[in-house]
Structures are given as C-alpha cells and as structure tokens.
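Spelled out, the chains give:
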Amino acid sequence: MKPQQDTSTDPFAFAFNPQNIENTVNKAKNTLDNPFIGMAYAGLGKKFSGIGDKYDSFLNSVFSSQYRFYFDVDNMYVVKKSIMTLAPYLYRGNWTLNSEFQAISPTENVHAPDLYLPLMSLVTFVLLRCLSLGINDKTQFSPGYIVDSFWKCFVISLLEVIIIKIVFCFLDGIRVNTVDLVSHLNYRYCSLCALMVFNILTNGIFSFVGTIYVLICQAIFIYKTLQRYSPSHNQSALELSSFGSNITLVLAFLQPACSWVILSFGQ
Amino acid sequence: MKFIITFFWRSIYFYSSDSFYLIFNRIPFQIIIINLMQPLKNPFGIIDPNENPRQFQSNPFDIQNEDLNETIKLGDNVENQEEKHLLFDSSNSQPQESIEDIPLLEDLDITSPLLIKQRILSVLFFQKCDSEYLEDPDLSGPVLIVAALGLLPLLTGKVHFNYIYGIGLWGWMLLYLLMNFMIQQQGKQIEFYKILSYLGYGLAPIVLLTFLSVFLQLNSSFGYALAIVCAVWSTASVSKTFDTVKLQNNYQILALQHRRFLIAYPLFLFYCTFVIITIF
Numbered sequence: 001m002k003p004q005q006d007t008s009t010d011p012f013a014f015a016f017n018p019q020n021i022e023n024t025v026n027k028a029k030n031t032l033d034n035p036f037i038g039m040a041y042a043g044l045g046k047k048f049s050g051i052g053d054k055y056d057s058f059l060n061s062v063f064s065s066q067y068r069f070y071f072d073v074d075n076m077y078v079v080k081k082s083i084m085t086l087a088p089y090l091y092r093g094n095w096t097l098n099s100e101f102q103a104i105s106p107t108e109n110v111h112a113p114d115l116y117l118p119l120m121s122l123v124t125f126v127l128l129r130c131l132s133l134g135i136n137d138k139t140q141f142s143p144g145y146i147v148d149s150f151w152k153c154f155v156i157s158l159l160e161v162i163i164i165k166i167v168f169c170f171l172d173g174i175r176v177n178t179v180d181l182v183s184h185l186n187y188r189y190c191s192l193c194a195l196m197v198f199n200i201l202t203n204g205i206f207s208f209v210g211t212i213y214v215l216i217c218q219a220i221f222i223y224k225t226l227q228r229y230s231p232s233h234n235q236s237a238l239e240l241s242s243f244g245s246n247i248t249l250v251l252a253f254l255q256p257a258c259s260w261v262i263l264s265f266g267q
Numbered sequence: 001m002k003f004i005i006t007f008f009w010r011s012i013y014f015y016s017s018d019s020f021y022l023i024f025n026r027i028p029f030q031i032i033i034i035n036l037m038q039p040l041k042n043p044f045g046i047i048d049p050n051e052n053p054r055q056f057q058s059n060p061f062d063i064q065n066e067d068l069n070e071t072i073k074l075g076d077n078v079e080n081q082e083e084k085h086l087l088f089d090s091s092n093s094q095p096q097e098s099i100e101d102i103p104l105l106e107d108l109d110i111t112s113p114l115l116i117k118q119r120i121l122s123v124l125f126f127q128k129c130d131s132e133y134l135e136d137p138d139l140s141g142p143v144l145i146v147a148a149l150g151l152l153p154l155l156t157g158k159v160h161f162n163y164i165y166g167i168g169l170w171g172w173m174l175l176y177l178l179m180n181f182m183i184q185q186q187g188k189q190i191e192f193y194k195i196l197s198y199l200g201y202g203l204a205p206i207v208l209l210t211f212l213s214v215f216l217q218l219n220s221s222f223g224y225a226l227a228i229v230c231a232v233w234s235t236a237s238v239s240k241t242f243d244t245v246k247l248q249n250n251y252q253i254l255a256l257q258h259r260r261f262l263i264a265y266p267l268f269l270f271y272c273t274f275v276i277i278t279i280f
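In order, the protein sequence lines correspond to chains A and B. With the UniProt record's numbering applied, the first sequence corresponds to residues 1 to 267, in that order. With the UniProt record's numbering applied, the second sequence corresponds to residues 1 to 280, in that order.
These are computed hints drawn from the structure, not numbers from a lab. All clues stand as given, with none of them false.
As a list, the in silico SDA-like pairs of lysine to any residue whose alpha-carbon atoms are at most 25 angstroms apart:
no.	chain 1	residue 1	chain 2	residue 2
1	B	Lys240	A	Val78
2	A	Lys54	B	Met182
3	B	Lys240	B	Leu114
4	A	Lys152	B	Leu169
5	A	Lys224	A	Leu158
6	B	Lys240	B	Phe126
7	A	Lys152	B	Tyr265
8	A	Lys138	B	Val214
9	B	Lys158	A	Ile135
10	B	Lys240	A	Met76
11	B	Lys188	A	Leu59
12	B	Lys41	B	Ile31
13	B	Lys188	A	Ser65
14	A	Lys80	A	Ala103
15	B	Lys240	B	Pro266
16	A	Lys54	A	Ser65
Extracted from the complex, chain A is given alone in its bound form (with noise of 0.2 angstroms):
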C-alpha cells in the first residue's frame, strides 16, 4: 500500500485528498436527511425571500417622496431658468413662492428649485473645460482633467453650502432646506457654460467682458432668489435689523467670488 504523506511535514496539508473525501460527501449527506437541519434551512430561505420585497418597496419610496418634485422639469421651464441665470434683470419682483412649506414642482412655478439643471450644467461645464484644454493645449490634457475639474467644482460647491448655512443660522435662526439651497446656489454652471462657449470661439477683451457679465448676472440672481429668506420678508421676526435685511446683499457677492476660484483654478 502507499504510505500517505506525513500531514505534520506536509506544507500542503490543507489541499484535497482524494482518498478520503467519501467521509466529508457521507457527513454532508447525513446532515441534509436531518429533518431539524432542513426546517432551520428553510427559515433562512423565508428570512432571504423577504429582503427582496423590502429592497423593492425602499426603492419605491425613495422615488415617490417630495424629492422626485426636484426633477419634475419641463422643456419650457429649462429654457426659462437658462434665460434667468443669463439675464435675471428680466424678471422683475419678487422670485416668491406661493407656499413655502409644500413642494413645487417647477413645472408649475418657474422659480422653485430643482436639481437636474444644476446637475446636467455642472457636468457640461467640466466637459467644456476639457474640451477648451484639448482644443488650445493638446499636450497638457489627460483625463484625469475631467477627475480634477469635477472634485474642484463639487468642494467650491460644498464650501460655499456650509457658509451659507452657518450665516443663515445666526440670522434669527433662518430655516433653510438644505437641498433648496444647493439646487439655488449651483445654476451659476449654467451661466458658466455659456461663459466657456463664448471664450472658447472669442479671446482677449470679449472674454474678459463677458465674465464681469456673468458674474455680475450671477450676484444679481442669487441676491433674488436668497430675499425670499431673508427676515425682512418674514412677518414672523418682531425686530428688522438693518444688517439682516442687508446680509443677502454681502451674500451675493460669495457667489462671484466662487465662480471666480473656479474660473481661475487648474490650467
């Protein structure tokens, strides 16, 4: 007979032995005839079956909540927005909703927030930088530009959130939402598209001309949208401070100056 290697000298002792797998089948045969063993099997399959059905239904709550009226957008109100973040000195009065509390769809009311414009113009704004980049210097673009121009808009982004909030918070303990204010803050990338087909067909003093525009366009547009916050609209505040109705003012600014970074950073 064949001597069976040593297992204690053995450094393979672990692999498959043929010889002996006739006790590991007999072992796992004997366990699954074992009724108890296949009643505790048979639960673990309804706990299973049952997360199913609850992935399904989280799914479906997540996309039947009040965000879904975020994305809620129409052609007409795309094209209107698009024109008021170019030229917001067209829509005179007060940007106001009718209730505050509910959520608007912006097919019914063109300024309530949404999140696909701010989306889709952040995204072209990163292509249309790469595009500038491949077009006037070929050597110098990698697609790690795309990873680049992306994570520096999304933390310019976030910064200017998180300033916005701490600010509004002092002011007699504003109450934003804060997914509002972020759709709010970043229509800026539509303007800025717009800004990055200009320079890439002129140069010199057009581009130069056309972001003092954009960013003055910008400041106007967010002091807009931002009064609907601001105490002095509020009935509820007993004393009207002359710094609080003029913070939206001071806050409009923060948003050229973060289009400014953006504009300026990498390159």
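Given chain A, work out where chain B should sit, using these hints.
Leaving out everything else, chain B in the frame of chain A:
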C-alpha cells in the same frame, strides 16, 4: 582580418534577432538544462520506498494501475458492450437527424453570440431589436464592447481602462437615479442592471470612433465633427430604447415622450465623456 570583423558584426545582428533563443533547442543545451532542473523534481524530499519505475504503456487509451498490476483496456468499462465496436470503427458515424443540416450552435442551444451580434447591429443601424432585449437584457455584449473600447486605444499608446471603468460606474449610478426620479409615476422603475446593458450597447458607435482614431488624427475639425456624430448616434439609439422600455412586471410604455430631449441630454453627456477621452 576583414572576415573576423564581418563575423563579429554579423553575430551581433544575430544576438539581437528574435530567433536567437532557438539555439537552446539544440541537444547540448537541453542536456545542461535537464541536469540543472533535477533538484526541482522533489522539492520537499519526500521518498517513497515502494515507488516502482513507470512502465510505458503500449496503448495510451488503456488505464494502467501499477499497484494492482492490472490494465483496463479500452472499451472494458463501457456500459453498453454491444456498441463496443464503435470505439474502434470510425466509419460508422452517428446517423443524420433529418435532411436539413442544423447549425452547430443551434444544435448545442448556444444562441448568445448570435443575439449579441443582432443587438449590436440593431443599435448601430436603428433596427428593431428582439423582444427579449427589453425584458431580459444581457451584459455579455457590453463586456465585449467595453473590452474593445479599452484595448483599441492601446494601439495609440493610451491606457484608459481606469477612466472607462470610473466614468462608466459613476455615469451608470447617476443616470439610474436621474431616470428613476424623472419618471413621475409611482410604483414604476427602471432596474439597475437594465440601464447598464442599454448604456453598454450604446457604446458601439464609440468603438468605431476609437477604431478610426488608431489610423486618423482626430484632433482636427473633421475629428470633432465625427465625434459629435458618434455621440448623437449613441444617444439616439439608447433614448429610443428608453422610450419603449418595459418596467418590471408592468408591460406599459413609459410616458416620457414630452421629456425626450431632457432624457437624451444626460445620455449625450455620458457618451461625450468617452468621446473626449478618445479624441484628446
């Protein structure tokens, strides 16, 4: 002297050629190599005192058991001993099933390569794809397309596997969220992997663009025009499938006609990123 110099230069030419290593096939080199590799035969030094030297078998199809000193001849352990003669008689092949010749892949019930080719062509030429594509989309086609998309730029010196993976992953997730939020009907969704397969098949025109980028310089006005055409081509084919997608168990067409441009624009951006990577 001249002969020595020419011999020297010619030998250097031989040393740098691809066929230099064929000299190791010669017998003296083989003797050296075999003798040097003897220590690797039994690295752990396990000695079997009962080991006999191997006997060479006369018929390689026989099973030889050295311990019991027996051989199982070819055909001894066949179940049906009546058909044993078929093992040795090659003239009696299996009878033909019928007059028509069934193709091999259909005979083996392998239809996926044909389906993949059909789906890719339906994407490229805006044809109607098979009905199973909308209900049960597969991922093997997109895997092939993505592999081609990653391997073709290697011929131009670009290694973009990580960017394709990253952009594909993030674009897939964001498009999944976006599409499902834009469907303003409760209880209906597009599933996760379906979007991946639709997007993957839509990359077929971009594979053509990368194939052209190997031969042409696409950083020119012609290249930009071609790139835009390919991106629009991809988005048109994929938005067509999104318009007629069947959701889970509800066989209803999504009411997205009035938002067709808004659905197509994110897809256009997704394919534009791949296009920018190939051009620049």
